[in-house]
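Enquirer: Sequence:
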Amino acid sequence: LAEHIAVLDAGGRIVATNEAWERFARENGAPFPGQVGVSADYLAVVRRAAETGDEVAHAALLGIQAVLDGSQTTFELEYPCHSPVTRRWFLLHATPLAGSRAGAVVSHLNITSRKQTEEQLATRTCQLEAVRVVTSEIASELHLTELLDLILRRAMEMVEGVSGTVFLWDAGAQVLVPTAWRGFGPWRGETRLRLGEAVAGTAAQRREALIVNDYRTSPYAGPIILERTAISAVLGVPLLNNVARFMTPDT
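Under my numbering, the first residue of the sequence shown carries the number 1, and numbering increases by one thereafter.
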């Protein structure tokens, strides 16, 4: 199993672990088995960390205790666990033991890859916000299509996108209409989106950025995009004082 798993008795003492738990303890210098191995008082270890002012440990202590005493059926906590050479994040998950036996199963799942992706997308969103501020001042000028195409190209360079589209709102038809696009064929110009539809329509409706990292399985995915492209991630950002909507698909 990829997860580091330990089984606790009703008092918070470890009664069983899996190989991933033991290996992680050895590789990270824990005084195994005295501190986090079988027979160790895991709850006491967490409590001592909480008493030093560690807020993550304090939250973990309360959550695990709540599962052990039955006042909570499950507990989850995302937390950083950085080493001197590696930045890491884990998801702590605690659930009661099945059956009549008191205790809990505690697991720690490495979610570093997801957290790094979220950080990268957050950075890209900030970059797109900078683009939005600039374009809000210049988009009312003449040659709007040329300006939007330039803005789109620069934005794609910033986020390393492979394709992108700028939509303008057609108040009469009540749809978003592609005005500038890159990385798509002529068919892109025939696309029409209503508010709340796909990534661009949802970002326009909410008037806030939308990040979709698992586009191929997302409910926000557009059928024609799935059919004609291999796009796997999308950023949708409202621009131009909420008149035009900007979407940057990115693989």
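Don't take every hint at face value.
What the hints assert, rightly or not - Pairwise CB distance ranges (calculated): (1) Ala49 - Pro84: 34 to 40 angstroms; (2) Ala10 - His82: 51 to 57 angstroms; (3) Arg154 - Arg23: 45 to 51 angstroms; (4) Thr117 - Thr145: 45 to 51 angstroms; (5) Ala173 - Ala49: 56 to 62 angstroms; (6) Thr117 - Arg228: 20 to 26 angstroms; (7) Thr73 - Pro186: 40 to 46 angstroms; (8) Gln72 - Ala49: 19 to 25 angstroms; (9) Thr74 - Val162: 19 to 25 angstroms; (10) Glu78 - Arg23: 40 to 46 angstroms.
Said to hold, decoys possible - Below are the SDA-like pairs computed for lysine to any residue, each with C-alpha atoms no more than 25 angstroms apart in a straight line: (11) Lys115 - Gly11; (12) Lys115 - Thr202; (13) Lys115 - Arg216; (14) Lys115 - Met158; (15) Lys115 - Ser218; (16) Lys115 - Phe90; (17) Lys115 - Leu128; (18) Lys115 - Glu190.
Just so you know, the hints here were simulated from the structure itself, not pulled from any lab data. Think of the CB as a built atom: it goes at the ideal place given N, C-alpha and C, for glycine as much as any other residue.
Enquirer: Please write out, lowest number first, the hints stated earlier that are contradicted by the structure.
Expert: Violated hints: 1, 2, 4, 7, 9, 10, 11 and 18; rest satisfied.
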